[in-house]
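Undergrad: Put chain B on the given structure of chain A with help from the hints.
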Amino acid sequence: MSDFTRDEIHRLALLARLEFTDEQADAFAQQLTQILHYVETLNGLDTTGVEPTSHALALHSVMRDDEPRPSLSNAEALANAPEQEAGCFRVPPIIQEL
Amino acid sequence: MTDAPAYATLKELQRSLEAGECSSRELTQALLDRIEALDGKLGAFLRVTPDEALQQADAADAARRQGRRSPLLGIPLGLKDILCTRGVATTCASRILRDFIPPYDATAVARLRQAGAVFLGKLNMDEFAMGSSCEFSAWQPTRNPWDPTRIPGGSSGGSAAAVAAGFCPATLGTDTGGSIRQPAALCGVVGLKPTYGRVSRYGLIAFASSLDQIGPFARTVEDCALLLNAIAAQDPLDSTSAPVATSDYTECLGREIRGLRVGLPREYFIDGMEPAVEAAVRRAVADLAAQGAEIVEISLPHTEYAVAVYYICATAEASSNLARYDGAHYGYRAAGTRNIIEMYSRSRTEGFGEEVKRRIMLGTYVLSAGFYDAYYSKALKVRTLITRDFAEAFRQVDVIATPTTPGVAFRIGEKLDDPLQMYLSDIFTISANLAGIPGLSLPCGFTAEGLPIGLQLLAPAFEEARLLQVAHAYEQSHDWWRRRPELA
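So the sequences go chain by chain: A and B. Counted the way the working numbering counts, the first sequence spans residues 201 to 298. Counted the way the working numbering counts, the second sequence spans residues 4 to 491.
In short, the hints are calculated from the structure, not lab data. Any given hint might turn out to be false.
To be verified - One-sided and incomplete, this derived list gives chain A residues near chain B with beta-carbon spacing under 7 Å:
| hint | residue |
| --- | --- |
| 1 | Arg217 |
| 2 | Thr233 |
| 3 | Gln234 |
| 4 | Gly244 |
Claimed, not checked - If the Cβ cut is set under 8 Å, some of the chain B residues that face chain A in the computed set are:
| hint | residue |
| --- | --- |
| 5 | Tyr333 |
| 6 | Arg351 |
| 7 | Thr390 |
Where a beta carbon is used, it is the ideal one built from N, C-alpha and C, also for glycine.
With the rest of the complex left out, here is chain A:
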């Protein structure tokens, strides 16, 4: 594994919807490189034929009957909204004219 570069941090930040200054990106590149080198100790372990565990319990999907139940009112659902209008969440433009 190669070390993280500043550009890779910026590319990854875009995927994660985060922004960093070049200085912050350099610090993250150094720290994440160090952490990744550490987790790469796993590569020394033979896991051929081992099933992955994504969950500690052997769980099966659980379904309930699809029946209407009481839920939050419109006002309750909007109570924490940063901005609202006409009973809806208000956000900046999603599709913009070029």
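TA: Structure of chain B alone, referenced to chain A:
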């Protein structure tokens, strides 16, 4: 202000309330006064809610007069700020949830509320439970009551410090990689992480959903059992809560441990451990042997890989879980953004702290195209090997005993600039989360400077009763739990 209710156990408070020696209002007021007088120096609470607490206390007193009886009726408790409380701000110690007022209670909170408990307020933690020292709270550090220049542990540092400081007999915290057991050890109290699925996660703000679990802190094992009784149950609102019967977890207390097999994993006694910690844990194991337990040396061969597996699985899950903080529906939104992508990015950039960003970035990386197999899939396979280690060990022994942490509470700032060193302080607690098994930490001694040391006990899934039985047997043969920090 008297010292009397401060260090009374939950069980003792129960008896006083029952005998009419005090009311819940008097008790609640005394603890609120103590918090007011002393928490300025410690910072355990993010928010104290005296009005709500006194209302709940009055309601509990009225219910008692009308003949209602319940083990937690009128008992003051504290809640980690990761647990949703209806109508009371819940920030997860993050700027991004600064003004968030949940419209509902977490199931664990609702169950305590139904049992008549009184909530004193919300407790400090590392932001989104990501940290081992409480230094990553967006709002304030919490100081260790035994030495205010030191950290209380994390992420549930406020929950542990509040109990150690005598602010309340018990609290709830959460544990994703040790966040109950590590601060319990460093603050000299009892902390229990139940089996994954034992307690509903509904209303627990998610960090890593396959690892997170809610559990109690208290000064005694019995008090932890009383809290577990109240919160353990399958819940239709959490599809991962387990369809496994619960029992009265106080019933096993007092049973002798003669003949029980206690495993000592050789991988948990390592170079670099503080000698005082190793010595105290070995003495504790000798005490269990003196009570008739059989000590068996065992091996958990994949232990050295646990931290690496954890920092892949937990960050991957966190990067997905925290994608919901987008500034659209609730939480912080950056001002003056011109389009939706900018709103997402700026709200998250301004709202999350550095450690949270570090983990989101790592999680995004290990899940990204081209790296998924090399990191995430690989980690899940090693998680299987770690789980098998425990299955194998529990064929030979009934419980496993280890140190909870390799060292005692470190100084504030000591590991702040070295994320990897901070992660490695959870080296003994992480495996239990990966395997889903229950774990408990209880005090087993103090260093020469008076810092607490924790003994960790681990049991097979859903064997909390056995864990509590062994912990109680040890606790009763010592008076570590009676020691109190000197608070200025």
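Undergrad: To test your reading of the hints: which numbers does this structure violate?
TA: Those not satisfied are hints 2, 4.
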